[in-house]
Amino acid sequence: MVDKLKIYYAEYPLKTILLAGFFFRLLAVIFSKGYGWVDDQFLIVEIAQSWVDGTDYYGWLPDAQGINTPKGFSFFYVGFHYLLFRLLELLQITSPQGKMYVVRLLHALWSLLIISGGYKIARRLDGNQSAKMVGWLLAVLWLFPVLSVRNLVEYVTIPLLIAGVWQIMRNKEHNKNWQWIWIGILFGLAFNIRFQTLLFTGGVGLVLLYQKKWKGTLLVATGVLLSIILFQGGIDYLVWHKPFVQLIGYVNYNLHHAHEYLTAPWYFYLTVILGLLIPPVSIYLFTGYFRSWKKTLLIFFPSLLFLLFHSFFPNKQERFIVTIIPFIIIGGIIGWRQITQHLDQKPVLAKWHKGSWVFFWVLNFILLLPVSTMYSKKARVESMVYLSRYKDLNYFIVEDVNKSVLRQPPLFYLHNWAPYTTVMAYDDLEKFRKTQKGKKPEQQPGFILFLEETRLDSRVEFMTSVFPGLEFETLIHPGYMDKVLHWLNPINDNQNIYIYRNKSVIPDKLSDE
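Numbering (this note's numbering), first residue to last: 2 to 514.
Hints listed in this document are in silico derivations from the structure and should not be mistaken for laboratory results.
Do not take every clue at face value.
[Stated by the list, open to error] Restricting the straight-line Cα-Cα distance to at most 25 Å, the calculated cross-link-like pairs of lysine-lysine (DSS-like) are:
1) K7 <-> K133
2) K7 <-> K177
3) K295 <-> K216
4) K213 <-> K296
5) K177 <-> K16
6) K216 <-> K317
7) K438 <-> K504
8) K72 <-> K317
9) K7 <-> K355
10) K177 <-> K133
11) K133 <-> K295
12) K432 <-> K133
13) K484 <-> K440
14) K441 <-> K392
15) K404 <-> K441
16) K133 <-> K5
17) K392 <-> K510
18) K216 <-> K177
19) K510 <-> K440
20) K72 <-> K243
21) K121 <-> K72
22) K214 <-> K121
23) K177 <-> K214
24) K510 <-> K438
25) K404 <-> K484
26) K510 <-> K432
All chains, please: the whole structure from these sequences, using the hints.
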């Protein structure tokens with residue numbers, strides 16, 4: 002069996018790598034429920050489903066009163082999910098978890114283009130051996146399968162960027178006019194999903210100018226503009242009767258609010274990349290990335306430009322830099338192989354080098370399975386799934402008085418756009434008591450969700466003084482990886498959620514059957 006696999010791999014290396022990559026992505030499709038960040042859930046899934054249900058719960062569309070304004074987010078990727086959810090409902094796939102199985106599967110299949118594209122680019126630049134190493138890293142690096150199934154615009158755009166680069170390399174001087182325009186359309190589609198990819202596209206354009214491909218540069222720019230005008234300008238005009246209002250709103254918001262988010266030193270992303278790629282191999286890859294810059298200029302300069310901009314822009318979040326990690330891997334492997342091609346002549350260094358790669362792969366596979374199957378934000382999702390059993394739920398309260406930042410409940414999984422009230426650390430509890438006490442049952446919350454157990458008894462006692470009919474219903478635990486992430490960094494708040502039912506509104510607990 003092993004010999005047959007070796008023969009198959011020798012004959013079909015890319016197919017073998019793709020099958021391995023798909024296997025771990027399929028595990029993520031099946032087991033990695035939930036969501037990773039606020040954006041992949043609340044700026045994509047929640048918005049799209051609320052439109053399908055005809056509610057526009059989050060106020061992204063124009064309203065009759067003229068209150069809603071453009072939020073500064075592209076409708077392109079959200080619109081894809083809107084159409085997908087509409088189609089799934091026509092096919093009678095209506096459960097939230099069922100829809101997300103389909104979403105994760107489609108994203109997993111889409112991400113395979115990163116593996117095949119990265120492999121082809123590396124093979125074109127440095128031959129089969131580099132291509133195989135790049136392919137395996139893109140296929141089974143511990144964080145890629147789980148990122149592949151998330152609605153993360155930073156990751157979803159990578160296949161388009163890789164495809165654009167590959168199309169330029171593939172034909173070199175022989176690209177026809179329509180091919181150059183198609184390359185621009187690919188980069189333009191990436192921009193329509195995530196605006197910041199224009200930095201990468203701009204870097205590609207500068208490289209083409211440096212290579213004196215004047216006509217190609219102009220035609221690529223034409224393709225980019227056509228894509229942006231059609232999707233950004235066109236959709237905004239249809240919705241808001243003004244072109245590019247979302248893009249303008251996005252730029253204005255970031256110019257005025259960049260310092261309100263996580264700010265970190267300029268080297269923040271260097272530490273993130275070095276950590277994610279596991280040292281000392283990550284150091285090898287970074288060294289090789291800079292060593293091979295001449296050979297890999299078409300991916301080196303655009304990705305470096307992207308990295309420099311984000312390093313000096315105040316708002317820094319780890320996921321922002323994910324877009325260029327595959328390009329760092331491609332350039333890193335090519336450059337590091339150049340550096341180590343004569344390493345066999347130095348036995349001590351060769352032994353250390355081999356050992357460091359063994360360490361890398363052992364640690365990578367220790368992380369790969371649990372991360373690929375992690376149920377992220379499990380307590381928040383499952384609390385909504387639990388409440389969705391009560392079809393007549395009209396209102397609930399989220400009580401999180403130990404925190405000042407709200408962890409929004411993912412109403413997509415509630416299957417009901419019921420309003421909710423939050424009670425946070427900054428709220429005046431006596432004022433809350435006065436506004437809520439004495440309300441008729443139809444105005445009271447059906448449930449109160451208490452997040453984390455700190456001072457739980459006194460918090461429940463206070464709420465019971467406001468709503469005397471409170472009764473403990475159930476406890477929802479976070480997932481195992483949520484607990485690990487919280488242990489590693491307490492900023493990852495993934496608490497137990499204690500659900501109390503208000504008997505004045507919902508007298509009886511539903512059976513667990």
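Against the structure, the hints come out as follows:
| no. | hint | verdict |
| --- | --- | --- |
| 1 | K7 <-> K133 | holds (14 Å) |
| 2 | K7 <-> K177 | violated (40 Å) |
| 3 | K295 <-> K216 | holds (22 Å) |
| 4 | K213 <-> K296 | holds (17 Å) |
| 5 | K177 <-> K16 | violated (30 Å) |
| 6 | K216 <-> K317 | violated (36 Å) |
| 7 | K438 <-> K504 | holds (15 Å) |
| 8 | K72 <-> K317 | holds (20 Å) |
| 9 | K7 <-> K355 | holds (21 Å) |
| 10 | K177 <-> K133 | violated (30 Å) |
| 11 | K133 <-> K295 | holds (21 Å) |
| 12 | K432 <-> K133 | violated (64 Å) |
| 13 | K484 <-> K440 | violated (38 Å) |
| 14 | K441 <-> K392 | holds (20 Å) |
| 15 | K404 <-> K441 | violated (29 Å) |
| 16 | K133 <-> K5 | holds (18 Å) |
| 17 | K392 <-> K510 | holds (13 Å) |
| 18 | K216 <-> K177 | holds (10 Å) |
| 19 | K510 <-> K440 | holds (22 Å) |
| 20 | K72 <-> K243 | holds (14 Å) |
| 21 | K121 <-> K72 | violated (39 Å) |
| 22 | K214 <-> K121 | holds (22 Å) |
| 23 | K177 <-> K214 | holds (13 Å) |
| 24 | K510 <-> K438 | holds (23 Å) |
| 25 | K404 <-> K484 | holds (18 Å) |
| 26 | K510 <-> K432 | violated (30 Å) |
In terms of the numbered hints stated before, the structure departs from hints 2, 5, 6, 10, 12, 13, 15, 21 and 26, listed from lowest to highest.
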